[in-house]
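Next come the chains, spelled out residue by residue.
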Amino acid sequence: MSQPRASLRPDLQGYILVAPALIVYLLFAFYPMLDVIRMSFVSWNGLSAESKFVGLANYRAVLTQDPVFWGALWNTVWWTALAVIVPNLISFGLALSLNQNIPGKSSLRVIFYLPVIIASIAVATIWKWMYDPFFGFFNSLLTSWHLDAWITDWLGDRNVALWSVFVAHVWQSVGFSMVLFLAGLQSVSTTLIEAARIDGAGRWGVFRYVTLPALKPTLTIVFVLSLINSLKAFDIVYGMTGGGPAQSTQMLAMWAYTQSMQLGDFGRGSAVTVILLLITLAIIVPYLRWMLHRPEAAR
Amino acid sequence: MSIFSQAFRPIGSNKMDPVLVALWIALILLALIWITPFVFIVFTSLKSNSTVMGSSAFSPPTELAFDNFVAAWKRGNFSTTAFNGVVITVIKVPLGLFISAMAAYALAKVPMRFGKVFFALCVFGTMLPFQVMLAPISRQVNAFGLINTYPGIILPYLAFGVPYQVFILHGFFAAVPKELSEAARIDGASHFTIFRRIFLPVSLPVLSALLILDFVATWNEFAMALVILQDPKMWTLPLGLMSFQSQFQSDYGELNAAIIMTVLPAAVVYLMFQRYFVAGLTTGAVKE
Numbered sequence: 001m002s003q004p005r006a007s008l009r010p011d012l013q014g015y016i017l018v019a020p021a022l023i024v025y026l027l028f029a030f031y032p033m034l035d036v037i038r039m040s041f042v043s044w045n046g047l048s049a050e051s052k053f054v055g056l057a058n059y060r061a062v063l064t065q066d067p068v069f070w071g072a073l074w075n076t077v078w079w080t081a082l083a084v085i086v087p088n089l090i091s092f093g094l095a096l097s098l099n100q101n102i103p104g105k106s107s108l109r110v111i112f113y114l115p116v117i118i119a120s121i122a123v124a125t126i127w128k129w130m131y132d133p134f135f136g137f138f139n140s141l142l143t144s145w146h147l148d149a150w151i152t153d154w155l156g157d158r159n160v161a162l163w164s165v166f167v168a169h170v171w172q173s174v175g176f177s178m179v180l181f182l183a184g185l186q187s188v189s190t191t192l193i194e195a196a197r198i199d200g201a202g203r204w205g206v207f208r209y210v211t212l213p214a215l216k217p218t219l220t221i222v223f224v225l226s227l228i229n230s231l232k233a234f235d236i237v238y239g240m241t242g243g244g245p246a247q248s249t250q251m252l253a254m255w256a257y258t259q260s261m262q263l264g265d266f267g268r269g270s271a272v273t274v275i276l277l278l279i280t281l282a283i284i285v286p287y288l289r290w291m292l293h294r295p296e297a298a299r
Numbered sequence: 001m002s003i004f005s006q007a008f009r010p011i012g013s014n015k016m017d018p019v020l021v022a023l024w025i026a027l028i029l030l031a032l033i034w035i036t037p038f039v040f041i042v043f044t045s046l047k048s049n050s051t052v053m054g055s056s057a058f059s060p061p062t063e064l065a066f067d068n069f070v071a072a073w074k075r076g077n078f079s080t081t082a083f084n085g086v087v088i089t090v091i092k093v094p095l096g097l098f099i100s101a102m103a104a105y106a107l108a109k110v111p112m113r114f115g116k117v118f119f120a121l122c123v124f125g126t127m128l129p130f131q132v133m134l135a136p137i138s139r140q141v142n143a144f145g146l147i148n149t150y151p152g153i154i155l156p157y158l159a160f161g162v163p164y165q166v167f168i169l170h171g172f173f174a175a176v177p178k179e180l181s182e183a184a185r186i187d188g189a190s191h192f193t194i195f196r197r198i199f200l201p202v203s204l205p206v207l208s209a210l211l212i213l214d215f216v217a218t219w220n221e222f223a224m225a226l227v228i229l230q231d232p233k234m235w236t237l238p239l240g241l242m243s244f245q246s247q248f249q250s251d252y253g254e255l256n257a258a259i260i261m262t263v264l265p266a267a268v269v270y271l272m273f274q275r276y277f278v279a280g281l282t283t284g285a286v287k288e
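Which chain is which? The protein sequence lines are F and Y, in order. So the first sequence is numbered by the numbering used here: it starts at 1 and just counts up by one. So the second sequence is numbered by the numbering used here: it starts at 1 and just counts up by one.
Hints listed in this document are in silico derivations from the structure and should not be mistaken for laboratory results. Backbone N, C-alpha and C define an ideal beta-carbon position, used for all residues, glycine too. Take every hint as true, because none was put in to throw you off.
To spell it out: a stretch of chain F is covered by chain Y in this simulated footprint if at least three of its residues, at any positions, have a beta carbon under 8 Å from a beta carbon of chain Y; those stretches are:
#1 26–40
#2 108–122
#3 266–275
#4 286–292
Sample of chain Y residues with no beta-carbon within 12 Å of chain F, all distances over it, derived:
#5 62
#6 64
#7 67
#8 70
#9 71
#10 83
#11 90
#12 179
#13 202
#14 204
#15 208
#16 211
Please take these sequences and the hints and turn them into a complete structure.
What follows is the structure, encoded as structure tokens:
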């Protein structure tokens with residue numbers, strides 16, 4: 001089958017090879033992104049045939065009248081900041097420790113990574129049961145330790161619910177960055193470490209002047225990936241609290257979904273999406289430029 | 001003590017390092033915390049409801065209530081959701097990898113006027129969060145009349161899976177030496193032949209790593225399925241579990257059995273192929 005096509009110009013062959021992936025990507029990922037921008041200027045209930053252009057009214061409504069938006073924005077920022085710092089610090093510590101000469105490394109790695117491959121919705125269900133106010137793990141533990149005063153409705157109390165969800169997120173996400181850090185640590189040359197040791201560098205000296213500089217690209221990647229991942233926090237919140245109680249765990253991604261798909265206000269939902277996309281872009285674009293201008297990417 | 005005889009010694013030293021021993025103990029403790037949820041789930045799944053409410057939460061089950069699994073399988077419609085999950089995964093994963101590999105080859109090895117633009121689009125796509133755009137995606141699927149169909153979920157899955165895979169494979173193909181394909185070009189082979197005969201075979205290790213990663217990701221996906229597969233007959237396992245949780249949340253034993261049945265396939269695949277997981281995550285991404 002390749003013989004007759006061999007006469008095609010090489011660049012045409014290239015376009016044919018790119019076409020299937022490109023078309024499906026443009027139709028079902030790129031176009032919806034453009035469509036949502038258009039929708040954010042329109043009033044549409046998701047069912048009726050006609051929609052009306054309303055200019056910036058959706059944005060005005062979201063920013064000034066929506067009682068949930070600012071809370072959801074604050075939660076998203078809070079969540080993102082913590083999700084970038086806390087799990088990654090644990091991952092980094094784990095990776096450094098698991099890179100040492102200690103027994104049982106591979107089993108330990110499996111244990112810490114296992115939650116990563118579990119469906120987020122299952123993680124949510126698991127932790128919802130752990131947090132069960134009557135028979136769940138935490139309250140049973142507190143009862144057996146006679147700390148009854150600490151017993152809490154972990155997901156029902158608006159002051160602690162977001163923290164409770166976050167703990168589940170930490171449990172699920174630590175393994176992911178850990179593996180990236182471990183891979184990055186492979187690139188730290190052992191000869192360099194030995195040389196530093198011989199020159200009298202202590203544990204801290206080796207870490208500060210050999211390991212850390214070699215990990216710089218990994219640190220950047222982990223930072224960006226966890227930033228993006230936390231902006232799209234959806235499954236775990238949906239599964240554990242659905243945004244409640246009293247919208248105290250509501251996030252922008254889920255609020256956009258709720259507005260469009262459940263309240264039937266596609267215009268406002270799209271406006272929320274566009275705001276979140278803009279925040280995401282502000283993070284992506286500098287990273288993309290770094291990515292595309294790295295010397296080896298320019299090949 | 002034989003396994004320990006070489007352990008706890010830092011690089012370039014022959015002495016046991018007490019700091020490493022302390023670190024090791026801390027790691028073991030943390031690992032115990034990490035597996036606690038799994039143990040708790042397994043224990044609960046094997047208890048009858050009256051035992052859950054009557055006995056300590058941490059005691060292992062005394063009479064194993066395996067009927068929880070049977071009951072949860074029926075009530076949760078697991079035969080339907082598992083079947084849908086298999087159909088979607090088995091079609092999406094190989095198909096996605098194949099079209100990604102084609103595109104990655106062309107972008108890496110065929111000089112094209114718009115090659116750079118395509119590649120930039122693709123890198124952009126790796127960062128685009130679809131959870132944010134659920135409504136417009138479902139609108140687009142609806143425009144094609146594909147809500148509640150297999151193609152309706154597979155096409156967006158492909159669209160959001162392609163960029164990352166192209167990105168990784170592009171890095172891999174770009175590193176394949178020119179000489180390998182140049183000789184074949186001179187012999188008059190087309191790019192299609194070179195891709196199929198030379199590049200596809202050499203990329204098998206990367207492809208298998210991506211295959212396993214993508215299998216788990218597709219199997220576990222929830223948000224997009226939530227908006228596109230609204231008919232319970234079309235649900236996948238995560239949707240089934242979510243519905244089970246909201247309907248039968250006080251049937252603790254069965255709920256936990258349902259969790260285990262949802263999680264098990266991905267966990268088994270991971271334990272069998274864990275080498276590839278790490279390879280798949282890190283090829284290209286961290287290499288400098």
